[in-house]
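Protein chains: 2
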Amino acid sequence: MKNYAFGIDIGGTTVKIGFFETSGKLLKSWEIPTRKDNGGSLILGDIASSVDKELAEQGIAKDDIEGIGIDVPGPVLKDSVVNKCANLGWGVFDVAEEVRKLTGIQNVMVCNDANAAALGEMWQGGGQGHQDVVMITLGTGVGGGIVHDGKIIAGNFGAAGELGHMKISQTETMACGCGKTGHVEQYASATGIVRKATEMLDASDRPSMLREVPYLSAKAVFDCAKKGDELSMEIVDFVGEKLGYTCSLVSCVFDPEVFVIGGGVSKAGDILLNTIKEHFVKDAFHACTGAEFALATLGNDAGMYGAVKMVLD
Amino acid sequence: MKNYAFGIDIGGTTVKIGFFETSGKLLKSWEIPTRKDNGGSLILGDIASSVDKELAEQGIAKDDIEGIGIDVPGPVLKDSVVNKCANLGWGVFDVAEEVRKLTGIQNVMVCNDANAAALGEMWQGGGQGHQDVVMITLGTGVGGGIVHDGKIIAGNFGAAGELGHMKISQTETMACGCGKTGHVEQYASATGIVRKATEMLDASDRPSMLREVPYLSAKAVFDCAKKGDELSMEIVDFVGEKLGYTCSLVSCVFDPEVFVIGGGVSKAGDILLNTIKEHFVKDAFHACTGAEFALATLGNDAGMYGAVKMVLD
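Respectively, the protein sequence lines represent chains A and B.
Here the first sequence is numbered in this note's numbering, starting from 13 and rising by one per residue.
Here the second sequence is numbered in this note's numbering, starting from 13 and rising by one per residue.
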C-alpha cells in the first residue's frame with residue numbers, strides 16, 4: 013500500500029477533494045467549483061489540475077498515490093461508468109477511464125454519492141464497527157446506500173439503495189420528482205416535511221409555533237417539536253412513521269446490522285432517530301426488531317471518506 | 013477440489029439428500045423421513061447414517077468428499093448456527109459443528125431453505141447466467157432469498173430475503189402467521205390466494221367456474237383464469253399486483269438482475285410471471301424497470317442444489 017490517496021465528492025455546486033493517508037486519516041480537504049458549462053466536460057479536467065497542483069506543492073510523487081475514489085450524484089455501473097447524471101450535464105460515460113487518462117493514476121474507482129456516504133459512515137462515521145449498513149440520507153431529496161460485507165452494493169442498474177423512491181403510499185396523488193407517486197422522498201425529505209407542515213397549517217386554525225417562524229423549514233419543524241409544539245410533534249411523528257416503515261421493508265430484504273440516518277434533516281438528532289426506531293419496531297418482522305439505529309457523524313465529508321475507502325480496499 | 017459433495021435439504025416432513033459430483037452434476041438423490049421426536053434430536057444422526065451408508069455402498073472414501081451443504085426451514089447465522097426452527101423442534105444450535113462431529117467431514121455449511129433455493133436457481137435453474145438474483149418462493153407461505161455476487165446474503169438476524177413478511181397493506185385487519193398484518197404472504201401464498209377467492213365468491217353471486225371446482229385451490233384459480241374465467245382472472249391480477257409491487261420495493265433496495273419466481277404456485281407459469289412483470293413495470297423506479305423475470309426450473313431440488321453450491325464455492 014502506498015502512502016496517500018484522494019477521495020473526491022462531485023456535487024452539483026462544488027467538488028470536495030480530500031487528501032488522505034492510506035491509514036484513513038484525512039490530511040487536508042478543499043473545494044473547487046463544479047463547472048457545468050459545456051455539458052460538464054470541464055469538471056474532470058479541473059479535478060485533475062487541482063490534484064496535480066496539490067501534489068506539486070507538497071512535493072509528493074504520483075507513484076506515492078494509492079488511488080483516486082470519486083463519487084457522483086447519479087447512478088454508476090461497475091465502479092466506473094456513470095449512467096446519466098443530469099445535475100452535471102453528463103450522459104453515459106466511463107468516468108474512471110477518463111480520470112486515469114487525465115491524472116496518470118491507474119487505480120480509480122467511481123460510485124454514487126449516497127453509496128459513498130454509506131461506505132464512509134460505515135468506515136469512520138455512525139456505522140463504525142459494522143459491515144452490513146444501510147444509510148438513509150435526508151436532504152432536499154432522500155438518498156440511500158447499502159453496504160454489505162464492507163462493500164457497496166451498486167445494483168444492476170446502479171439503483172440499489174434508491175430508498176427515496178420506494179413507493180410507500182398507494183393513495184398519494186402528487187408526483188415525486190421522478191414522476192411516480194407515493195415515494196419516501198415525498199414525505200421524509202426537507203421539501204416533503206415543509207409540504208406536510210404547510211398542508212397541516214393550512215388545513216385548520218390550530219395554534220402552532222410554526223405560524224410564527226420567519227421561514228418554514230424542516231429545521232423549524234424539529235426545533236418547534238423539541239419545544240413541545242403539538243402540531244410540529246405530529247409532523248415529526250408522521251415523518252418517523254414513514255421512515256420507520258421504510259426501514260422495516262428494507263430489513264425484510266437486506267436485514268442490516270445498523271441503519272445510519274444522515275443528511276441535513278438528520279441534524280434534528282435524537283428526536284428523529286427515536287421516532288423512526290419506535291415505528292420501525294412496530295412494523296418490522298419480529299426477527300429484525302433488534303436492528304440498531306445511529307446518526308451519521310461525518311456530515312458533508314461522508315462522500316469523500318467513502319470514495320477514498322473504495323480504492324483502499 | 014475433491015470429486016464429490018452432498019447437498020441436503022431438511023424439510024418438515026422429509027430430508028432430501030443429493031449426492032453430487034463437484035462439477036455440479038447431481039448423481040443421485042433420495043429422501044429419508046424427518047424424525048421430529050425428541051425435539052428433533054434424531055434428524056442429524058439419521059442424515060449422517062444415510063450419508064455413511066451411501067458412501068459405503070458405493071465404495072467412496074470420506075477423503076473424496078469436498079463437503080456437505082445443508083439447508084433448514086429457519087433462520088441461520090454465520091453459515092452455521094440455526095436460530096430457532098420451530099418446524100423441526102430446534103432451538104438455537106450450531107448445526108454445522110454437530111454434522112462435522114457426526115460425519116467426520118469438516119467442510120459443512122448451513123443456510124436457510126429459501127436462501128438455498130435462490131442460490132440453486134442462480135446456479136443451475138431459472139437464474140442461470142446471473143450473479144445478483146432475488147428468488148420468491150410461493151408455497152403454503154411466501155419465502156425469499158437474495159444472492160449477491162453469487163453468494164447468499166443471510167442478514168444480521170438471518171432474516172434477509174424474508175420477502176413474505178414485507179408489509180404491503182396498511183389496511184389489512186387479519187393477522188399473518190407471524191402475528192403482524194398486511195404481509196405479502198397473506199396475499200401471494202397458496203393459502204392467501206384461496207382466501208381471496210373465497211372472499212370474492214362469497215361477496216356476490218357472480219358466475220365463476222370456481223364455483224364448480226371440487227376443491228378450491230390456488231391451482232384451480234390459475235387454471236380457471238387460463239380458461240378465461242373473469243373472476244379468476246381478477247384474482248390473478250390481484251396476486252400479480254401484490255407481487256409486482258413487492259418486487260418494485262425490492263428493486264429500490266437491491267436492484268437485482270433477475271427475479272426468479274418459484275414454489276408450487278409458480279407452476280401456473282407465464283400467466284403469473286407476465287402479470288407480476290406488468291405491475292412491476294408500473295410501480296418500479298424508472299432505472300429498474302428493465303429487471304428480468306424468470307420461472308424457477310429446479311422445483312423441489314433447488315434447495316439441494318443451493319446447499320451443495322455453498323460448499324463448492
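Calculated directly from the structure, the hints in this document are not laboratory data.
Among the hints, a few may not be true.
Remember, identical chains collapse to one label, so a pair may be satisfied in a single copy or spanning two.
Cross-link-like lysine-lysine pairs, in silico, DSS-like; alpha carbons within 25 Å at most [what the hints assert, rightly or not]: (1) Lys-90 <-> Lys-65; (2) Lys-238 <-> Lys-40; (3) Lys-40 <-> Lys-192; (4) Lys-90 <-> Lys-163; (5) Lys-192 <-> Lys-294; (6) Lys-96 <-> Lys-294; (7) Lys-65 <-> Lys-208; (8) Lys-208 <-> Lys-163; (9) Lys-14 <-> Lys-279; (10) Lys-90 <-> Lys-28; (11) Lys-37 <-> Lys-239; (12) Lys-238 <-> Lys-28; (13) Lys-74 <-> Lys-40; (14) Lys-96 <-> Lys-163; (15) Lys-65 <-> Lys-192.
Remember, predicted model here, so these are calculated numbers, not experimental data.
For this session: Would you list, in rising numerical order, the hints stated earlier that this structure does not obey?
Result: 1, 2, 3, 7, 8, 9, 11, 12 and 15
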